[in-house]
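J.: Sequence:
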Amino acid sequence: MNNEIAFVGLSCTGHDGAVAVVQGGRLVFAEATERYRQNKFAVGQAPDDYLYCRDVLARHSDGGQLVVAKSWSEQATQIWHGENSRLRASISQQPQHRDVLERLAQFHRHNWDGFMGPSIALAGHGVQRAAQALGRQVMETRHYDHHLCHAAFGAWGAPFDSAAVIVMDGQGEGRGTAYWHYRDGQLQPVEVEPYDGTLVECYSSLGLYYGIMVCLACGFEPVSGEEWKIMGLAPYGTLDAALYNKLKLFYSINGLSVNCTENTVDVFLDIVSGPVSHKADFQKAANYAYTFQRFFAETATALMTELGRRTGERNLIVAGGCGLNSSFNGRIVDVTGFRHVHIPSAPADDGNAAGAAILAARDYHQASAGPAWQSPYLGSSIKVEALETVLQSSPFVPFLRIDDEQAMADEVASRLADGQVVGWVQGRAEFGPRALGNRSILADPRDVTMKDKVNRVVKFREAFRPFAPSVLHEAGETWFEQYQDSPYMERTLRFHDAVAAKVPAVCHADQTGRVQSVTAERNRPYYRLIKAFEALTGVPMLMNTSLNVMGKPIVHSVEDALQVFLGSQLDCMVIGPYLLAKDLAPRKSNAAGATGQREWAREPQVMA
Numbered sequence: 001m002n003n004e005i006a007f008v009g010l011s012c013t014g015h016d017g018a019v020a021v022v023q024g025g026r027l028v029f030a031e032a033t034e035r036y037r038q039n040k041f042a043v044g045q046a047p048d049d050y051l052y053c054r055d056v057l058a059r060h061s062d063g064g065q066l067v068v069a070k071s072w073s074e075q076a077t078q079i080w081h082g083e084n085s086r087l088r089a090s091i092s093q094q095p096q097h098r099d100v101l102e103r104l105a106q107f108h109r110h111n112w113d114g115f116m117g118p119s120i121a122l123a124g125h126g127v128q129r130a131a132q133a134l135g136r137q138v139m140e141t142r143h144y145d146h147h148l149c150h151a152a153f154g155a156w157g158a159p160f161d162s163a164a165v166i167v168m169d170g171q172g173e174g175r176g177t178a179y180w181h182y183r184d185g186q187l188q189p190v191e192v193e194p195y196d197g198t199l200v201e202c203y204s205s206l207g208l209y210y211g212i213m214v215c216l217a218c219g220f221e222p223v224s225g226e227e228w229k230i231m232g233l234a235p236y237g238t239l240d241a242a243l244y245n246k247l248k249l250f251y252s253i254n255g256l257s258v259n260c261t262e263n264t265v266d267v268f269l270d271i272v273s274g275p276v277s278h279k280a281d282f283q284k285a286a287n288y289a290y291t292f293q294r295f296f297a298e299t300a301t302a303l304m305t306e307l308g309r310r311t312g313e314r315n316l317i318v319a320g321g322c323g324l325n326s327s328f329n330g331r332i333v334d335v336t337g338f339r340h341v342h343i344p345s346a347p348a349d350d351g352n353a354a355g356a357a358i359l360a361a362r363d364y365h366q367a368s369a370g371p372a373w374q375s376p377y378l379g380s381s382i383k384v385e386a387l388e389t390v391l392q393s394s395p396f397v398p399f400l401r402i403d404d405e406q407a408m409a410d411e412v413a414s415r416l417a418d419g420q421v422v423g424w425v426q427g428r429a430e431f432g433p434r435a436l437g438n439r440s441i442l443a444d445p446r447d448v449t450m451k452d453k454v455n456r457v458v459k460f461r462e463a464f465r466p467f468a469p470s471v472l473h474e475a476g477e478t479w480f481e482q483y484q485d486s487p488y489m490e491r492t493l494r495f496h497d498a499v500a501a502k503v504p505a506v507c508h509a510d511q512t513g514r515v516q517s518v519t520a521e522r523n524r525p526y527y528r529l530i531k532a533f534e535a536l537t538g539v540p541m542l543m544n545t546s547l548n549v550m551g552k553p554i555v556h557s558v559e560d561a562l563q564v565f566l567g568s569q570l571d572c573m574v575i576g577p578y579l580l581a582k583d584l585a586p587r588k589s590n591a592a593g594a595t596g597q598r599e600w601a602r603e604p605q606v607m608a
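Reminder that position 552 of the sequence shown reads as 552 in the UniProt record's numbering, one-by-one numbering, no gaps.
Careful, some of the hints might be misleading.
30 angstroms max Cα-Cα, derived DSBU-like pairs, lysine-lysine [what the hints assert, rightly or not]:
1. K284 - K246
2. K279 - K453
3. K279 - K246
4. K502 - K531
5. K284 - K40
6. K552 - K383
7. K383 - K40
8. K552 - K284
9. K502 - K582
10. K383 - K531
11. K453 - K531
12. K552 - K453
13. K582 - K552
14. K284 - K453
15. K40 - K279
16. K40 - K531
17. K502 - K453
18. K40 - K502
Derived by calculation from the structure, the hints in this document are not laboratory data.
Start from the sequences and build out the full structure, keeping to the hints where you can.
T.: Have a look at this one:
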């Protein structure tokens with residue numbers, strides 16, 4: 001064993017937990033807790049299960065010493081209790097809202113003492129036990145400011161040396177929004193105006209606005225994190241003027257400070273008292289979603305524009321849960337004055353595991369600036385021998401083994417062009433919520449029926465939910481207006497008028513798509529597959545969505561993948577070199593490298 005320290009970061013908010021490992025100045029592993037738990041968002045579950053961490057540390061770290069890094073500072077408890085005291089003190093100033101504020105204060109206290117506080121305190125026990133089992137030592141446990149962890153991961157893989165940084169989150173240690181200036185490998189805080197709101201500052205949050213009020217008003221579930229559905233619904237709507245006028249009273253902006261107003265509580269109660277479900281009144285719900293999204297975009301635009309003015313930067317890093325608002329992300333360059341925008345693959349709380357590990361490594365002088373591009377393929381691999389064991393005992397699943405990568409691409413591209421829906425599992429899992437060609441469901445974007453089919457009989461979810469176009473980066477400008485490189489599927493762009501009708505399955509109601517830019521350097525097997533599809537169809541993109549069904553995380557194991565394959569109307573699934581098909585007999589392939597149904601590798605393989 002070498003003597004390098006392994007830095008183990010833990011996202012420990014109590015939801016969106018994750019584990020990350022930095023060693024040798026590199027981020028070598030990062031994965032959300034929900035994946036191995038197969039429990040969406042893993043609410044209330046520790047990020048560092050003992051058996052899981054033992055496997056992660058054995059595979060992805062070396063040396064005898066570990067440092068644990070948590071995604072909340074040691075002052076967090078004091079900060080939250082102080083907020084609760086100020087919240088209670090404010091009740092006398094707003095007697096008309098006494099009942100509401102009393103309940104809010106109770107929730108605020110319970111949220112910390114009964115949920116988040118214990119989650120933070122208990123995190124690390126699994127790593128400690130795993131280290132002992134492996135004969136290693138945890139040297140110390142360090143704590144880092146929650147929003148600083150967001151900023152650190154955002155800056156780590158940014159493709160520029162200096163940038164303004166904005167963190168827009170649900171809650172942090174104080175305000176819901178924070179700012180830095182990233183220069184010379186350092187994050188320098190940007191001064192913000194004093195808070196001047198009616199509620200405590202933690203409720204002046206665009207994350208809470210979107211994650212709670214907007215979800216409730218549109219009939220979605222905040223606890224389940226359904227705010228992403230708002231972005232899918234909004235393009236079907238138009239502005240609701242009455243709602244918009246109410247929202248303009250909800251927050252006020254003073255420079256970089258978002259403030260609650262004397263109207264905040266009244267507006268909140270008014271809006272959530274009459275939720276509009278898309279099932280009961282689709283158009284009204286869509287109009288609400290459009291209006292909520294517009295208010296979010298206008299508020300974020302004001303903050304980013306001011307941040308650019310103060311820092312003089314033309315580069316922007318966006319982190320925090322609001323960094324998943326791809327509908328707005330695609331417009332930032334157009335409306336803020338920034339020329340270049342970077343959003344990491346995991347901007348929400350799961351990314352804080354990586355941020356905490358990076359900060360600890362930097363404190364030990366074992367990490368400097370991050371890479372020019374951080375690969376998102378940082379999660380677990382699926383062992384091919386595990387699949388082989390299942391296939392040997394399951395003769396009802398016909399399959400082919402195709403060892404040649406190009407032959408596999410040609411075979412699968414042919415199936416896609418013929419209208420099949422394909423599960424695609426290759427290499428290490430993506431870190432973050434987006435499937436980027438390693439844990440994906442793929443289909444032909446030219447087929448107008450594919451959107452409804454995959455939503456209805458594969459994903460089992462709402463009909464309005466859109467699908468992403470994975471496009472060859474070199475073809476991006478041909479297909480999208482004001483094309484921007486989007487490696488993590490982090491921004492929505494508008495299709496050119498001349499080509500939109502060619503790919504109706506990935507062109508949303510407002511003629512946009514949440515783009516993933518694909519290059520051979522980033523993901524060679526996926527790039528080859530899209531190139532093979534282009535050779536057959538003339539279209540350099542595929543319809544891409546995550547390999548899961550509604551309510552479940554992206555698959556983690558062979559068993560998870562097969563459950564989706566056999567429990568849905570997927571036509572075939574590729575796992576490493578194996579192509580599983582629901583045809584009565586394996587499809588004959590003329591592709592070089594294709595072998596028969598029962599030929600096995602001499603040695604078990606692990607997909608790299």
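J.: Take the hints in turn and mark each one as holding or not.
T.: A quick look at each hint next to the structure:
A C-alpha spacing of about 16 angstroms is found between K284 and K246, which places the hinted pair at or below 30 angstroms, so the restraint holds. Proximity of K279 to K453 is assessed by CA-CA distance (about 19 angstroms); at most 30 angstroms being required, the pair is judged to hold. Simply put, K279 and K246 have alpha-carbon atoms about 24 angstroms apart, close enough for the 30 angstroms limit, and the pair holds. As the CA atoms of K502 and K531 are separated by approximately 17 angstroms, the hinted pair is consistent with the 30 angstroms bound.
Between K284 and K40, the direct Cα distance comes to roughly 29 angstroms. Compliance with the 30 angstroms bound is thereby established for this hinted pair. The hinted pair formed by K552 and K383 meets the criterion: a straight-line CA distance of about 21 angstroms does not exceed 30 angstroms. The straight-line distance between the Cα atoms of K383 and K40 is roughly 23 angstroms, inside the 30 angstroms bound, and the hint therefore holds. For a cut-off of 30 angstroms, the pair hint linking K552 to K284 stands: about 28 angstroms separates their Cα positions.
At roughly 29 angstroms between alpha-carbon atoms, K502 and K582 fall within 30 angstroms of each other, so this suggested pair holds. A threshold of 30 angstroms between alpha carbons decides the hint, and for K383 with K531 the separation of about 27 angstroms falls inside it, so the pair holds. The suggested pairing of K453 with K531 holds, with an alpha-carbon distance near 24 angstroms, which does not exceed 30 angstroms. About 19 angstroms separates the Cα atoms of K552 and K453, which keeps this hinted pair within 30 angstroms; it holds.
A hinted pair counts as satisfied when its Cα atoms are at most 30 angstroms apart, and K582 with K552 qualifies at roughly 23 angstroms. Between K284 and K453 the alpha-carbon distance is near 25 angstroms, which keeps this suggested pair within the 30 angstroms criterion. At most 30 angstroms may separate the alpha-carbon atoms for a hinted pair to count; K40 and K279 meet this at roughly 23 angstroms. Annotation: proposed proximity of K40 to K531 is violated, straight-line Cα distance about 33 angstroms (limit 30 angstroms).
Of the pairs offered as hints, the one joining K502 and K453 holds, with about 18 angstroms between alpha carbons and a cut-off of 30 angstroms not exceeded. Pair hint K40 plus K502 does not hold up; C-alpha atoms about 34 angstroms apart against a cutoff of 30 angstroms.
When held up to the earlier numbered hints, the structure conflicts with 16, 18 and fits the remainder.
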